[in-house]
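Asks: The chain contents come next:
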Amino acid sequence: MKWVNALIMLLFIALMLYATSGLPGHADPQAPANVHVSPTYIEDSVEDTHTPNIVTAVLADYRGYDTLGETVVIFTAGLACVLILMRRKAGDKGTLSEHHRSGHM
Amino acid sequence: MAEMFLARYVYLMVIVLLAIGLWGMLGKRNLLKKLIGMNIFQTAIFLFFIEGATKLGGSVPVISPELGMEAARYVNPLPHVLILTGIVVSISLTGVALAFLIVIYRKYKTLDDRAIMLKMKEETSE
Amino acid sequence: MIKERYQSIIVQVICSLLIPFIQLFALYVIFHGHYGPGGGFQGGVLLAVSIILQRLYLGTEVSYRKFPPKLAPALGAIGMLVFGLAGVIPMLFGGAFLDYGNLPIPWVHGAELRALGILIVEIGIGMAVFGTLVLIFDSLIGEGW
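Residue numbers (numbering that gives the first Met the number 0), protein chains in the order written: chain G, 0 to 104; chain F, 0 to 125; chain D, 0 to 144.
Just chain G, with the same shape it has in the complex (with noise of 0.2 Å):
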């Protein structure tokens, strides 16, 4: 087992200094991620939202619908934490686990 660990970590990294050759270089201003998109949101944020934080304009506005999915998403998580912890009330006192252990489910 701890061979097969040591081979998948070797071909992890393997890969990824392979995949590092590809990248752009450190702080290149014209690396494809910084010249596509980006630009539009820079100069156009004050003029349409008057929010010289970019990042805060592009958050709520821009991309609102994204923000709104990610804003469920924690909530839901929370949600489900208090359901998976919860101990049960009405009927038996004992916790979900003690259930388990006795074979009814």
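The hints are simulated quantities; they were obtained by calculation from the structure and are not laboratory data. Please note: incorrect hints may appear among the correct ones.
What the hints assert, rightly or not - Now the in silico label distances, taken between C-beta atoms and shown as ranges:
no. : chain 1 : residue 1 : chain 2 : residue 2 : range
1   : D       : H31       : F       : I35       : 29 to 39 Å
2   : F       : I19       : D       : L91       : 50 to 60 Å
3   : D       : V107      : G       : I12       : 50 to 60 Å
4   : D       : F96       : F       : G26       : 45 to 55 Å
5   : D       : P103      : G       : L14       : 46 to 56 Å
Glycine included, each C-beta is placed from N, C-alpha and C at the ideal position.
Position chains F and D relative to chain G; hints supplied.
Replies: Structure of chains F and D alone, referenced to chain G:
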């Protein structure tokens, strides 16, 4: 070859963090340590995105009158937005995972993955 | 688990002094998000941290009376509702979903209205994150739920 990697030293640090996280997920037997490994892996991905956002001579992405409106004067704001939401998702993911770990510990009284597998096999054979 | 008050006078005094300033800074972070680093997510996390610190040093018995655990999911749901309404109300007034330019606020127009919409949405996000993180903490320490 060496020069190319030296010019991309941030990626090397990211790879080290990714490897630590992957080893935490693969090699450790305690489920809590696997979770910590996953968190380190996520942090490495965040660092990778933030590194991709930097520009030489770029300032923080808050428009100021002294710097003007030129796109080259500010770093790329898009990865910052994605990572801001990504961090919050990582927090909620950690919360749900911890809740599952508590439930697993209540049921099996251990967090060791092989011991849990053995107990599960005993349960099914009974 | 942490029912009792933390038995150290230094910790108690420092925490009780610190918590109002954390909350004030959190409000600053939310409302100053337009002009500097900050926004709903960060401010919401700071608010949640202040409540979690209170839970840790006061113990749950006293802290649950100051901030009841049932209040956290309600706050989260209200935050989601604010965000959702900020998305739906512009649709009723002829805009697209989440198009803040069509919010029915008569004395603000154009880009200023969009900035106001961003502020409303950030407040919603802040409340949702605040409620959710306190909810996760309360359910993990396993008292009250």
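Asks: Please go over all the hints and tell whether each is borne out by the structure.
Replies: Here's how the hints hold up against the structure:
no.	hint	in the structure
1	H31/D <-> I35/F: 29 to 39 Å	34 Å, holds
2	I19/F <-> L91/D: 50 to 60 Å	51 Å, holds
3	V107/D <-> I12/G: 50 to 60 Å	55 Å, holds
4	F96/D <-> G26/F: 45 to 55 Å	47 Å, holds
5	P103/D <-> L14/G: 46 to 56 Å	54 Å, holds
Going through the hint list in order, the structure satisfies each hint without exception.
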